[in-house]
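Enquirer: Given only the sequences and the hints, what does the whole structure look like? Please build it.
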Amino acid sequence: MRPAQSPWTTPLRRAYSRAVHTLEPELRSLHAEGVIDDATASRALARDRRMVFSLHYELRATLYAGVLLVMAGLGIILARNLERIGPLAIVLAVALAAAACSVPAVRAKLAGRAPTVAGEYLLLLAALLVSADLAYAERQFTLLGPLWSWHLLLLAVVHAAIAYAFASPLVLAASLTALAGWFGVGGTLGDVLHFAESTPVLGARALACAAVIAAWRYADRRARPGTSFSDVFDHFAANLAFWGAIAWCLEWPWLAAGLPLLAVLAYASVRRGLDTGREVFLVYGIVYAAVGLCAAVVPRLDDTSALLGFVLIVVCAAATALWQLRRRLRESDP
Amino acid sequence: MSRWRPSPAEERWLEVASELGAAVPRAALAERTGGWRSAGLLARVALFVLGFIAAALAAALLYVMFGLDEWATLLVAGLIAALVAEWLTVAKRLHASGIEEGLCLAGFLLIVAWITTDELALIAAAGAAGLRRLNPFVTTCAVIALVSWVADTATAHSLDQVVGGGVTAVTFGCTLAALALALGAREYRRPSHDRMLDWLVATLPVAAYAQRAQGYDFESLVAGAGTGRLAIAALLLALSIALLLTGLRRRRHAPLIGFLGCVACLAVELRLATTLATETWLILYGLAALVAGVTLDRYLRQPRNGLTSAALTHREGPLDLLQTAGAAVLAQRSAPEAPPPDSTFTPGGGRFGGGGASGSY
Numbered sequence: 001m002r003p004a005q006s007p008w009t010t011p012l013r014r015a016y017s018r019a020v021h022t023l024e025p026e027l028r029s030l031h032a033e034g035v036i037d038d039a040t041a042s043r044a045l046a047r048d049r050r051m052v053f054s055l056h057y058e059l060r061a062t063l064y065a066g067v068l069l070v071m072a073g074l075g076i077i078l079a080r081n082l083e084r085i086g087p088l089a090i091v092l093a094v095a096l097a098a099a100a101c102s103v104p105a106v107r108a109k110l111a112g113r114a115p116t117v118a119g120e121y122l123l124l125l126a127a128l129l130v131s132a133d134l135a136y137a138e139r140q141f142t143l144l145g146p147l148w149s150w151h152l153l154l155l156a157v158v159h160a161a162i163a164y165a166f167a168s169p170l171v172l173a174a175s176l177t178a179l180a181g182w183f184g185v186g187g188t189l190g191d192v193l194h195f196a197e198s199t200p201v202l203g204a205r206a207l208a209c210a211a212v213i214a215a216w217r218y219a220d221r222r223a224r225p226g227t228s229f230s231d232v233f234d235h236f237a238a239n240l241a242f243w244g245a246i247a248w249c250l251e252w253p254w255l256a257a258g259l260p261l262l263a264v265l266a267y268a269s270v271r272r273g274l275d276t277g278r279e280v281f282l283v284y285g286i287v288y289a290a291v292g293l294c295a296a297v298v299p300r301l302d303d304t305s306a307l308l309g310f311v312l313i314v315v316c317a318a319a320t321a322l323w324q325l326r327r328r329l330r331e332s333d334p
Numbered sequence: 001m002s003r004w005r006p007s008p009a010e011e012r013w014l015e016v017a018s019e020l021g022a023a024v025p026r027a028a029l030a031e032r033t034g035g036w037r038s039a040g041l042l043a044r045v046a047l048f049v050l051g052f053i054a055a056a057l058a059a060a061l062l063y064v065m066f067g068l069d070e071w072a073t074l075l076v077a078g079l080i081a082a083l084v085a086e087w088l089t090v091a092k093r094l095h096a097s098g099i100e101e102g103l104c105l106a107g108f109l110l111i112v113a114w115i116t117t118d119e120l121a122l123i124a125a126a127g128a129a130g131l132r133r134l135n136p137f138v139t140t141c142a143v144i145a146l147v148s149w150v151a152d153t154a155t156a157h158s159l160d161q162v163v164g165g166g167v168t169a170v171t172f173g174c175t176l177a178a179l180a181l182a183l184g185a186r187e188y189r190r191p192s193h194d195r196m197l198d199w200l201v202a203t204l205p206v207a208a209y210a211q212r213a214q215g216y217d218f219e220s221l222v223a224g225a226g227t228g229r230l231a232i233a234a235l236l237l238a239l240s241i242a243l244l245l246t247g248l249r250r251r252r253h254a255p256l257i258g259f260l261g262c263v264a265c266l267a268v269e270l271r272l273a274t275t276l277a278t279e280t281w282l283i284l285y286g287l288a289a290l291v292a293g294v295t296l297d298r299y300l301r302q303p304r305n306g307l308t309s310a311a312l313t314h315r316e317g318p319l320d321l322l323q324t325a326g327a328a329v330l331a332q333r334s335a336p337e338a339p340p341p342d343s344t345f346t347p348g349g350g351r352f353g354g355g356g357a358s359g360s361y
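Top to bottom, those sequences are chains P and Y. Heads up: the first sequence begins at 1 in our numbering, then just goes up one per residue. Heads up: the second sequence begins at 1 in our numbering, then just goes up one per residue.
In case anyone wonders, no lab produced these hints; they're calculated from the structure. Fair warning: this is a prediction, and the values are worked out from it, not measured in the lab.
Here chain Y is said to cover these stretches of chain P; the calculated rule only asks that three of the stretch's residues, wherever they fall, bring their Cβ under 8 Å from a Cβ of chain Y:
id	region
1	131-140
2	168-174
3	302-311
Some chain P residues flagged as far from chain Y (calculated, every beta-carbon gap over 12 Å):
id	residue
4	Ala89
5	Val91
6	Leu110
7	Gly112
8	Ala161
9	Tyr164
10	Ala165
11	Arg224
12	Pro225
13	Leu259
14	Ala263
15	Asp275
16	Ala296
Looking from chain Y toward chain P, a few residues come up when the C-beta cut is under 10 Å (computed):
id	residue
17	Leu57
18	Arg251
19	Ala264
20	Thr278
21	Ala289
22	Gly293
23	Thr295
24	Ala328
25	Ser334
The beta carbon of each residue, even a glycine, is placed where N, CA and C say it ideally should be.
Expert: Here it is as structure tokens:
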């Protein structure tokens, strides 16, 4: 029987091409000094030599593009060909397409396997088709009448059920977006950054939505300790809460509550970042705090020099704080 | 060991630290990295933006507060920004941490703007800042701006009139991408040099093609035919094959991303050459992408010759955040239409969906 070869005894050889960048000498040196163990070194070396190469990101980009294009095309069909095809036929066809897209995820679940990357994106497509179908049916048949906006909540519930059934964070993101929509706020970064259109009422809605999402996250964590949904909840709750606080910072007397709330949220976000080692929460805490502070003070400054000086000081302070916190994050690494 | 930037050896150790993450104790690498300190991707992006904004604000403040004339403001603000960036590098040993990169880029642009407002000089300044900071994003932006500049020259316009609209820009961009691909075959001591070439390979085909779409309206692109379109299609096809083969042979992501970009450009060219309805081609291309993704996923579920469709790490990274944001964007676009005008539901103010929403999303 041929003995298994250690990566340390095999000659310096890369999987396919000799002409690629390699960190092999450094990795070997660390291993020889005992700084990294055999398992870590083997993994790092295999990746460095391209003995194992993942197309995961390319695959996700392709699948995302596919979902995006199909949904864009479907949107045009729903808008243009209504009379030619007929509403009922469209609703049924879209529902059928959604069912077909969910087949790989259903099969994986029945077989007791985790869905593949493609299965996850097809499931997302199925959920989005359900969204479009429900929205279209509501618009055509006015099923909920004056309570039309409740269909967003229904959508959030349906998506959440699908997300839990198939353990899909992507569909959960769709559910939370629908929930934010029901509260009357957008659920994406682009919406969160439209400060000019913010109002205190909108801020209150965003804060309420963030509170609901935070409570949902807490309940999910308690019910399922191994949940993979926490990150999605965290990002939605953090962004919506900051957006709400900043919206409050724009107008007096809401400002009196908005600024302390912003400070509390920034502290909580930074604390969370430091505790969990996740840099993104440091960025949220510092950048949103800087934006909120500027949103609160700048409209009240008449002198241009004072205004520019204040913003410059805030920007410099934010950069310094972020850098210092980032250092603490690294130093707390094992 | 240099005070001005990490030596190639130090940069390689920084790369090792980044690759291994928490698996290697920081203290073990501190001496090898020469004490250079860098930030993670998200913090680096935020600090880059903050640094750039700070330099712009300093320029505005100098102009307003001290009453300097425009040209003096550019010079003084540029010098301040560039010197602060250098001080952060030399005294604080910051490398690839964002703040000094944003300041350096803004400083170089302001100083060159004081000398001349010539577009090519500004592009050169951005390129110089990128090379000084070993920043692939800045160098790539400079090269893309160069492609845009070339597309706007009188020579390019004359050539385009002969061979077809936008052909010069696409040819120039694709040639640069091919050159970067060829140069990537060399082994460089600095990982940042590899990354600069990678960024060019990944982005230039799409960026150059976008110049064509930007410079010519959709109708003229649809109407235009003949050798120009054929030349562009042939060029993109040849480059995409080269990128795919090289990506698989070298097992690097950049050529594969460039390949995907070329395929997208070819798909648009194919669309322009046919009379298919927009919704039909959107759905057809979408289905084609999904089928390709599903097939690849199934084929590589079990690693083949080291190639796999599975993720190699379960650490949450910026791409996971991007994926969540992407799903939310898609969900928002497929969510409800504008509220019915005769709705009796009054509370509101929301901009997308929800009670009283305006429906503008």
